[in-house]
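Q: 165 is the number that my numbering gives to position 180 of the sequence shown; each next residue is one higher, with no gaps.
To be clear, the hints were calculated from the coordinates, so they are not data collected in a lab. Beta carbons: idealized from backbone N, C-alpha and C, even for Gly. Any given hint might turn out to be false.
As the list claims (entries may be wrong) - DSSO-like, lysine-lysine: derived pairs with alpha carbons at most 30 angstroms apart:
| # | residue 1 | residue 2 |
| --- | --- | --- |
| 1 | Lys107 | Lys79 |
| 2 | Lys257 | Lys107 |
| 3 | Lys11 | Lys79 |
| 4 | Lys257 | Lys79 |
| 5 | Lys256 | Lys225 |
| 6 | Lys32 | Lys11 |
| 7 | Lys256 | Lys107 |
| 8 | Lys220 | Lys257 |
| 9 | Lys225 | Lys257 |
| 10 | Lys11 | Lys107 |
| 11 | Lys107 | Lys32 |
| 12 | Lys79 | Lys32 |
| 13 | Lys220 | Lys256 |
| 14 | Lys79 | Lys225 |
Said to hold, decoys possible - Label pairs and their computed distance ranges (CB to CB):
| # | residue 1 | residue 2 | range |
| --- | --- | --- | --- |
| 15 | Val193 | Ser166 | 24 to 32 angstroms |
| 16 | Ala105 | Ser166 | 45 to 53 angstroms |
| 17 | Arg217 | Gly41 | 50 to 58 angstroms |
| 18 | Gln140 | Met61 | 20 to 28 angstroms |
| 19 | Gly169 | Glu139 | 37 to 45 angstroms |
| 20 | Arg239 | Ser153 | 34 to 42 angstroms |
| 21 | Ala13 | Thr128 | 43 to 51 angstroms |
| 22 | Glu130 | Gln51 | 24 to 32 angstroms |
| 23 | Val35 | Ala13 | 24 to 32 angstroms |
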Amino acid sequence: MREDGRQGQDGMTYSELADSGVSRLKEAGFEEARMDVRHLLLHVSGKNPVALLCDGAEEVPEEQVQSFYRLLEQRMQHIPVQYITGEQEFCGLKFLVRPGVLIPRPETELLAEAVIRDSAGKRVLDLCTGSGCIAVAVAVLGTPEFTAATDCSEQALQTARENAALHSAEITFFQGDLLESVTGEYDIIVSNPPYICSGVIDGLMPEVRDFEPRPALDGGEDGLYFYRRICREAKGYLRKNGRLLLEIGYDQGRAVEELLLAEGYQEIEVKKDYAGLDRMVFAVLPDKNKENNNV
């Protein structure tokens, strides 16, 4: 008996293998079964999406069939597909991801794109860089004068360095608690910090709750811990009329806006994502509010 439950020696086509995987995941209650199976098949086959579609009637090599079912069993344990395949696309670039590093989200692409558009000749700093997806996208797709990134996690920074090397991105990395190890001044500081309320995390879907790093999710009791610090501490590192760009939770726009106002930022804008939800806050720090960072 084969792992797919079929008798005999007849091979499976890619279409049959996909249908088998989708059926198993749907029976187990996975809502995005077809998308998950597609990612797993692309990974084990080494094909691109067009080739996989065109080769649907082609017989799958037995080693690929066995590999697919092994990965499918991992997915049925709620391990995120990105951790299974070790990669995630972001801004059209492939990024390495592994347990211990937050998986890049599609909505964060909007934040990266905003920095890319404004990066020409600028010095850019990415706080809480994680996999390095924002910093690398800016360095590769934008035209910054200088790009830096920082994170408190050495594991995350190792992945970020690998992603920078993968895309030949020139990035200076700092390790430390937010800005504690950072040197220099910047035209743009961007961050997707932890912003989920501590008490909410245990109720999240198991893929997030059980597998993604809690420190990259936990924003304190009210989800605003890191925003308070960033709004205050970033002032010592922003150049004249420097910009602060932050990703936020869908219900945090007003609260973060108030934090920025209290610290003297101006031109504050709350931006929405493709679902019409508050997702980013942009602000400018006038020169008169700048503090000396002694660097």
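Q: State for each hint whether it applies.
A: Hints, one by one, checked against the model:
| no. | hint | verdict |
| --- | --- | --- |
| 1 | Lys107 with Lys79 | holds (24 angstroms) |
| 2 | Lys257 with Lys107 | holds (25 angstroms) |
| 3 | Lys11 with Lys79 | holds (28 angstroms) |
| 4 | Lys257 with Lys79 | holds (25 angstroms) |
| 5 | Lys256 with Lys225 | holds (23 angstroms) |
| 6 | Lys32 with Lys11 | holds (24 angstroms) |
| 7 | Lys256 with Lys107 | holds (22 angstroms) |
| 8 | Lys220 with Lys257 | holds (25 angstroms) |
| 9 | Lys225 with Lys257 | holds (27 angstroms) |
| 10 | Lys11 with Lys107 | violated (48 angstroms) |
| 11 | Lys107 with Lys32 | violated (38 angstroms) |
| 12 | Lys79 with Lys32 | holds (15 angstroms) |
| 13 | Lys220 with Lys256 | holds (22 angstroms) |
| 14 | Lys79 with Lys225 | violated (34 angstroms) |
| 15 | Val193 with Ser166: 24 to 32 angstroms | holds (28 angstroms) |
| 16 | Ala105 with Ser166: 45 to 53 angstroms | violated (27 angstroms) |
| 17 | Arg217 with Gly41: 50 to 58 angstroms | holds (56 angstroms) |
| 18 | Gln140 with Met61: 20 to 28 angstroms | holds (26 angstroms) |
| 19 | Gly169 with Glu139: 37 to 45 angstroms | violated (21 angstroms) |
| 20 | Arg239 with Ser153: 34 to 42 angstroms | holds (41 angstroms) |
| 21 | Ala13 with Thr128: 43 to 51 angstroms | holds (46 angstroms) |
| 22 | Glu130 with Gln51: 24 to 32 angstroms | violated (50 angstroms) |
| 23 | Val35 with Ala13: 24 to 32 angstroms | holds (29 angstroms) |
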